[in-house]
Amino acid sequence: MQNKVVITGYGCLTASGADASGTWKAVLAGESGIREAATWDSSGWPWRLAGEIKDYSPRDLVSDRKLLKFITRQDVIGLNAVTQAVAHSGIIEHRDELADPTSFNDRTGVFVGSPATKYRYQHDFLSPLANAGGDSREFGVRAMEEVHPMWLLRTLPNNVLAYVGIQYGFKGANANVTAHGVSGSQAIAEACRYLRDGAIDRAIVVGYDSASELEALPYYASVGLLSSRGLRPFDRSRDGTVLGEGAGALVLETRDAAERRGAKIYGEVLGSSVVAEAEGVLSVREDGDGVSRAIRMALEESGKRPDVIGMISAHANGSKVSDAGEARAFTEIFGASSIPVTGFKWSLAHTIAASGAIESILTLLCLANGRVPGIANLEELSPECSGVSVSASEQKPRSSVGIVVSRGFAGLNSCIVLSSHA
Amino acid sequence: MTQSRTVAVTGVGMVTPLGNDAKSTWEAILSGESGVREIAGFDASGFPTRIAAEVKNLRAEETIEDRKLLKYVTPFSLFALAAAEEAVRDAGVRPTKATAERWGLVSGSGMMTMEFDFLQRFQREFAVDGQIDLARLGAEGARFISSPEFARHRAVAGQALLHKRYDIRGYSANLQALGLAMRVVRSGQADFVLAGGYDTMINPIGLAGFCLLGAISTDNDRPSSASRPFDLTRNGFVLGEGAGFMILEDWQRARDRGAKIYAEIAGEGNSLSSYRITDSPPSGDGPIQAIRSALEDAEETIDSIDYLNAHGTSTPMNDLSETNAIKAVFGDRAYDLAVSSTKSQMGHLIAAAGAVEGIICALAIQHSTAPMTANLRTPDAACDLDYVSEGCRPMQVDAALSNSFGFGGSNSCLVFRSPQRAENRGR
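Protein chains in written order, with my numbering: chain A, 1 to 422; chain B, 1 to 427.
One or more of the hints may lead you astray.
Here are some chain B residues pointing at chain A (derived, C-beta under 8 Å) [stated by the list, open to error]:
no. : residue
1   : ALA135
2   : ALA157
3   : ALA173
Which residues of chain A face chain B? A few of them, derived with a C-beta cut under 8 Å, are [to be verified]:
no. : residue
4   : LEU153
5   : GLY169
6   : VAL308
Distance condition first, Cα-Cα at most 27 Å in a straight line; then the derived DSSO-like pairs of lysine-lysine [claimed, not checked]:
no. : chain 1 : residue 1 : chain 2 : residue 2
7   : A       : LYS4      : A       : LYS264
8   : B       : LYS327    : A       : LYS320
9   : A       : LYS264    : A       : LYS25
10  : A       : LYS25     : A       : LYS4
11  : B       : LYS71     : A       : LYS320
None of these hints come from the bench; they were simulated from the model.
Bear in mind that the values here come from a model prediction, so they are computed numbers and not experimental data.
Using N, Cα and C, we set each Cβ at its ideal position, and we do this for glycine too.
Chain A extracted, bound-state conformation (with noise of 0.2 Å):
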């Protein structure tokens, strides 16, 4: 028999909150994050909009401050976030009650949403390389003087695996997805399918991302896919996204894990699919293709039907072509039905690999909270988006059970199907 797998825990940090609540509460609202960059001095930039994390203070969000030394500004959110969810759950406080740990810590695995490496992480070699004057021999010498040793470390795809690890004593399966915009779902799918065979027992999940950096705007906007007037999702005006920053992680644990220690459960993952389109790096099919193979395979895997389903948390980008082909794939799984859609990143922005984990906590709190948020800048709905129910205002969702859609470079799709019912 394969384990279940339920939601103990939750936590994240996103342009328009510190934590899962207040994100909530912003999205509720209809308060965006999306503001003109800040982190730099973007003023007479083209394409300047970004979902920074606000107040960001490094010290404030971990306590380690040595550890500060040797992460990137990614690394602390994605931890911070981690810190939340691992608080929520009261895991460690169980452990702390174990005669010996090392069975728990064993059975404890780790599974990162990773946004990989990063253009500003080389900027530590612009000085050398202008010092350099086109030597490359000159380039060596200068680079070993004053590039900082731990240089290399502090780069790793794979440093709030590392630390999570480092800070729990989490010994278990673990792996590091680095899939783009699927990177986040891909965790909490890999992670349950550890839990399932039983080779683990709980799960931390993170999907972090620092997405809106420097380079990365005038860059996506190279290739069309970002917007300077804002990210309206499904409206007829929208062209384009706005990239941000942010985490979003989870605790899951297996049904008899979580009963064994009397934890309260929020809810339970019923499936999960990635599928791949096969259309290269940048491009995505209009017919929603891998959007629907990806929803059909979830539901599959969940043993559900289309018509139970409660609500879409969709990828709702604010592109052109995958909102619409978004919007193809949902009529033609669930036709012309009024089950409610919405989306989160016209509040959070996009932000790529963290995105499928925090739309999956927004999505539960939905569920236990029986609202589905309006897309708040909604105006017109697009004609290529029509047959979908998507509203600026509040929805009721129909059931306790939820999709989330989060979609990426390389075509990648993923769908992963929650209940908020325990």
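Given the structure of chain A, go ahead and fit chain B onto it with the hints provided.
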């Protein structure tokens, strides 16, 4: 409950510092060659380490028939495409319209996806004095980068190219690869998986990063013996590059289509050391759990394992920690086990190491030969296992382990079984 499926390795492909395909790599392993040389790909003369195990003479134009695809290829995704093509051809099966959704791709890519040339151009354009001119970047940045450049710098670029080239439309993952790929076939999520890893950090930035850390050998005067795992005088690893890909498929399906089966990929253990970023603890804690869970997952005992392909990086701490982990798991049996590190000949292929060394285990089974640990001349009293230092050893290999550990403390151990042993189990 449905019986979980047995997973066959039916195709292999490699691009390594020892050869641009599996056959030439295996032959070089047998002949004891070293792939380590003075770095030829760029001028490394300003760095403390000037040697590496580079892939030699692999040309993109000869590897990739699709000219449009070429624009999206960087050195590391080129390795991936070459190794994957060999694996697909070797297996004699490829995705069709009817099977595309039953094929999955699981690949592990490296951390450095930006090209050095690009950084140099960026510096000349936007950071003339080493400081970024923000106003200029804002105004000109979108015109500076081309669309293929933007695309090929993505961490998922290699994954995307493999999906497109083979029209693989099912499951997809970019992470530590082979163990997960095995689970995907086992559970029936896919019938076939193209699984592997690819990497290069042999570029001025990667080399600088490792030199700054002091993690790599500075034996510039004797490149071929710079990587000497388990030797008392070992002083750091040697950077390698390349790719390894396998075709994994449902055993029954492979039998039915008459496929050549190299081995069964039979078990996976996956753990975190949670100790330090660059090392496992001397006790072997972390790797121990990975090895134990791999044996358990494969339903094998310590008595049934013939050969272990070690992580064996040639750093002082790894080799000690790994030796102690093997002793902790195998007890007295540890001394009967043939243990070797092929990094002694090809260096550390980083994200490609796990896949390449997994393939080497499959070939060890097929050829009834345990590869050697080259360059082990001065024994280390603390590393006293049978490291096959005398040369490749003809021996029957029915069950083999492959250890791979990474920065950050992630440990993976895989179990491979011979086709005979796989067929004989439970029948």
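Status of each hint after checking the structure:
1. ALA135: Result: holds, 6 Å to nearest chain A Cβ.
2. ALA157: ALA157/B check passes; min Cβ-Cβ to chain A is 5 Å, inside 8 Å.
3. ALA173: holds (7 Å)
4. LEU153: Since the shortest Cβ distance to chain B is 5 Å, the answer is holds.
5. GLY169: holds (5 Å)
6. VAL308: Not OK, violated: VAL308/A not within 8 Å of chain B, min 23 Å.
7. LYS4/A - LYS264/A: Satisfied, since the Cα-Cα distance of roughly 15 Å is no more than 27 Å.
8. LYS327/B - LYS320/A: The given pair, whose Cα atoms are some 59 Å apart, is violated under the 27 Å limit.
9. LYS264/A - LYS25/A: At roughly 22 Å apart (the allowed maximum being 27 Å), LYS25/A and LYS264/A satisfy the hint.
10. LYS25/A - LYS4/A: Violated. LYS25/A to LYS4/A sits at ~30 Å, over the 27 Å cutoff.
11. LYS71/B - LYS320/A: Between LYS71/B and LYS320/A the Cα gap is close to 26 Å, so the pair holds against 27 Å.
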